[in-house]
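Spelled out, the chains give:
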Amino acid sequence: MEIIIIDIRGIKVLVPSGDIDMYTSPELRKELMSLIHKKVSSLIIDFKEVSYIDSSGIATFVEGLKAMRAYGGRLKFLGISNGIREIFNFSKLDKVFEIFKTIDDAINN
Amino acid sequence: MEIIIIDIRGIKVLVPSGDIDMYTSPELRKELMSLIHKKVSSLIIDFKEVSYIDSSGIATFVEGLKAMRAYGGRLKFLGISNGIREIFNFSKLDKVFEIFKTIDDAINN
Amino acid sequence: MKDWTIIAIPSHPKYLVLVRAVTVKMAELSGIVDGAIEDVKLAVDEACSNVIKHAYRGETDKKIVVKFRIIRKGFEVIIEDKGLKASPELIEGRSLNEVRPGGLGIHLIKRAFDIVAFDEKRKKGNRLILIRFRKK
Amino acid sequence: MKDWTIIAIPSHPKYLVLVRAVTVKMAELSGIVDGAIEDVKLAVDEACSNVIKHAYRGETDKKIVVKFRIIRKGFEVIIEDKGLKASPELIEGRSLNEVRPGGLGIHLIKRAFDIVAFDEKRKKGNRLILIRFRKK
Ligand SMILES: Nc1ncnc2c1ncn2[C@@H]1O[C@H](COP(=O)(O)OP(=O)(O)O)[C@@H](O)[C@H]1O
Ligand SMILES: Nc1ncnc2c1ncn2[C@@H]1O[C@H](COP(=O)(O)OP(=O)(O)O)[C@@H](O)[C@H]1O
Numbered sequence: 284m285e286i287i288i289i290d291i292r293g294i295k296v297l298v299p300s301g302d303i304d305m306y307t308s309p310e311l312r313k314e315l316m317s318l319i320h321k322k323v324s325s326l327i328i329d330f331k332e333v334s335y336i337d338s339s340g341i342a343t344f345v346e347g348l349k350a351m352r353a354y355g356g357r358l359k360f361l362g363i364s365n366g367i368r369e370i371f372n373f374s375k376l377d378k379v380f381e382i383f384k385t386i387d388d389a390i391n392n
Numbered sequence: 284m285e286i287i288i289i290d291i292r293g294i295k296v297l298v299p300s301g302d303i304d305m306y307t308s309p310e311l312r313k314e315l316m317s318l319i320h321k322k323v324s325s326l327i328i329d330f331k332e333v334s335y336i337d338s339s340g341i342a343t344f345v346e347g348l349k350a351m352r353a354y355g356g357r358l359k360f361l362g363i364s365n366g367i368r369e370i371f372n373f374s375k376l377d378k379v380f381e382i383f384k385t386i387d388d389a390i391n392n
Numbered sequence: 072m073k074d075w076t077i078i079a080i081p082s083h084p085k086y087l088v089l090v091r092a093v094t095v096k097m098a099e100l101s102g103i104v105d106g107a108i109e110d111v112k113l114a115v116d117e118a119c120s121n122v123i124k125h126a127y128r129g130e131t132d133k134k135i136v137v138k139f140r141i142i143r144k145g146f147e148v149i150i151e152d153k154g155l156k157a158s159p160e161l162i163e164g165r166s167l168n169e170v171r172p173g174g175l176g177i178h179l180i181k182r183a184f185d186i187v188a189f190d191e192k193r194k195k196g197n198r199l200i201l202i203r204f205r206k207k
Numbered sequence: 072m073k074d075w076t077i078i079a080i081p082s083h084p085k086y087l088v089l090v091r092a093v094t095v096k097m098a099e100l101s102g103i104v105d106g107a108i109e110d111v112k113l114a115v116d117e118a119c120s121n122v123i124k125h126a127y128r129g130e131t132d133k134k135i136v137v138k139f140r141i142i143r144k145g146f147e148v149i150i151e152d153k154g155l156k157a158s159p160e161l162i163e164g165r166s167l168n169e170v171r172p173g174g175l176g177i178h179l180i181k182r183a184f185d186i187v188a189f190d191e192k193r194k195k196g197n198r199l200i201l202i203r204f205r206k207k
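Chains as they are written, first to last, in my numbering: chain A, 284 to 392; chain B, 284 to 392; chain C, 72 to 207; chain D, 72 to 207.
Next comes chain A alone, as it looks inside the complex (with noise of 0.2 Å):
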């Protein structure tokens, strides 16, 4: 898994791309958590280039949403494929996670 970050008019989009499991999922949470400390309000996950989540995955963005709700920021989501999907779905998360189509959704919503 490799990580980027960008910044679309003034929000920051995490782009996280290849396979997140509990070898890498480590990294990923340093990153978002990083981002969640400066309370940030709102951060944008870019889905588009995950090819694998597992529920180490799933766990990391579970407790960055706890922790963003904790001072009322908001975690988007986008570029959720038909697999992630239906995980999310199966764990009862697609109600819980926003999850967007475009990015001027997620930015503007």
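I should point out that these hints are in silico values taken from the structure, not numbers from a laboratory.
Beta carbons are placed, not taken as given, at the ideal position from N, Cα and C, and that holds for glycine.
Errors might be hidden in some of the hints.
To be verified - Covered, in the sense of this in silico footprint (three residues per stretch, anywhere, with C-beta under 8 Å from a C-beta of chain D), are these stretches of chain B:
| hint | region |
| --- | --- |
| 1 | 296-310 |
| 2 | 335-347 |
| 3 | 369-376 |
To be verified - Derived pair list, reagent style DSSO-like, types lysine-lysine, alpha-carbon separation capped at 30 Å:
| hint | chain 1 | residue 1 | chain 2 | residue 2 |
| --- | --- | --- | --- | --- |
| 4 | C | Lys73 | D | Lys192 |
| 5 | D | Lys134 | C | Lys133 |
| 6 | D | Lys133 | C | Lys153 |
| 7 | D | Lys195 | C | Lys138 |
| 8 | D | Lys85 | B | Lys331 |
| 9 | D | Lys181 | D | Lys144 |
| 10 | A | Lys375 | A | Lys322 |
| 11 | D | Lys134 | C | Lys192 |
| 12 | D | Lys156 | C | Lys73 |
| 13 | D | Lys133 | C | Lys73 |
| 14 | A | Lys349 | A | Lys378 |
| 15 | C | Lys156 | C | Lys73 |
| 16 | B | Lys375 | D | Lys206 |
| 17 | D | Lys138 | C | Lys138 |
| 18 | D | Lys181 | D | Lys206 |
| 19 | D | Lys85 | B | Lys295 |
What the hints assert, rightly or not - DEER-style ranges, computed between Cβ atoms:
| hint | chain 1 | residue 1 | chain 2 | residue 2 | range |
| --- | --- | --- | --- | --- | --- |
| 20 | A | Asp377 | D | Leu167 | 55 to 65 Å |
| 21 | C | Lys85 | A | Ile287 | 16 to 26 Å |
| 22 | B | Lys349 | D | Lys181 | 22 to 32 Å |
| 23 | B | His320 | D | Glu130 | 26 to 36 Å |
Got chain A; can you put chains B, C and D with the ligands on it based on the hints?
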């Protein structure tokens, strides 16, 4: 591996896709030899969908080439990737096989 | 054991990618329908992650053995470790209605496999038996 | 053996795809340069094909064990069988100037690995040792 055979202006083009290895090359050999037994004057192999070829695959084409040469037929290769090209070079077969860049070159030459 | 394919890895998370690769290829060979291959891959990965986390408590120099076999009725995977014994009840898993990190693994394993059972005859360590039936 | 990753397959060509998948992932983990990964994959596949063809004479229900280890100086692969003994001279390989099917395998193995040697201490079957040094 899967194989499709198409007919372009009366010339047979064999298009294998996937991995050609010790498991799949007998199937390739069967298809190749059944065309050659009909003494086709030209036969084109399009490699563009081949993800992997091992020595059993190469041996199959060497066998086909020899069988075609015996009656004056020509075996032509198309869509060779750099990786496969390297194996042909290394095996000193790049000079033995006729390798073309485009389907038109392969047909007209 | 001669019709089994076996992969043994050190209990370090960096080797999970190998287990996933072998799982996918074996699932393909077994004739499992395409859509289910990703589920099976995730399930086997989750089971191995659990071995590292729970049975070996994060120790990365132990051994995990994963065995695969194509059977007439489907696809069988066995995961063996020499770590702490899991209590068989854990196979229940927590409720998914609660939003919290962790506790998803068992559910993802049971989503992909029809049979999920610890071999209770095993004396030391764990042997998790996973079977997926061929769907008609 | 605890820092080894091991895959054991039945000696049927359909399982070679598993060996290739594991070889690629291990080569990636070992930090071998990208361009060489395909060479290493081909070499290990050729060595296993040789076991099936020559050591087991095409018998598909025997066992092949492939062991991988990342070492400081590079990447080590060991291939073990319980078949007919190979004569160590075969490692020479035939001349490539002759155009004929067959006889390429050994050359492809030596192209990818710096050390290619049969373990002569092994009593039954073969143990082929392959080492690729990290290139500076
Ligand atoms: N292989 C194992 N050995 C011992 N305990 C295990 C094993 N797998 C799971 N467990 C136990 O079952 C619980 C539920 O597992 P799981 O659903 O994968 O969630 P998580 O690992 O995220 O806690 C774990 O918290 C752990 O207590
Ligand atoms: N694992 C092995 N066991 C026994 N003999 C072998 C083994 N590998 C190779 N050989 C012998 O070495 C020769 C050269 O091998 P190779 O270059 O792979 O060509 P091929 O397998 O196409 O004949 C083979 O023909 C065979 O006689």
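Hint-by-hint comparison with the structure:
| no. | hint | in the structure |
| --- | --- | --- |
| 1 | 296-310 | holds (count 4) |
| 2 | 335-347 | holds (count 9) |
| 3 | 369-376 | holds (count 5) |
| 4 | C:Lys73 x D:Lys192 | holds (25 Å) |
| 5 | D:Lys134 x C:Lys133 | holds (24 Å) |
| 6 | D:Lys133 x C:Lys153 | holds (27 Å) |
| 7 | D:Lys195 x C:Lys138 | holds (25 Å) |
| 8 | D:Lys85 x B:Lys331 | holds (23 Å) |
| 9 | D:Lys181 x D:Lys144 | holds (18 Å) |
| 10 | A:Lys375 x A:Lys322 | holds (26 Å) |
| 11 | D:Lys134 x C:Lys192 | holds (27 Å) |
| 12 | D:Lys156 x C:Lys73 | holds (21 Å) |
| 13 | D:Lys133 x C:Lys73 | holds (7 Å) |
| 14 | A:Lys349 x A:Lys378 | holds (14 Å) |
| 15 | C:Lys156 x C:Lys73 | holds (27 Å) |
| 16 | B:Lys375 x D:Lys206 | holds (25 Å) |
| 17 | D:Lys138 x C:Lys138 | holds (16 Å) |
| 18 | D:Lys181 x D:Lys206 | holds (15 Å) |
| 19 | D:Lys85 x B:Lys295 | holds (29 Å) |
| 20 | A:Asp377 x D:Leu167: 55 to 65 Å | holds (58 Å) |
| 21 | C:Lys85 x A:Ile287: 16 to 26 Å | holds (22 Å) |
| 22 | B:Lys349 x D:Lys181: 22 to 32 Å | holds (25 Å) |
| 23 | B:His320 x D:Glu130: 26 to 36 Å | holds (30 Å) |
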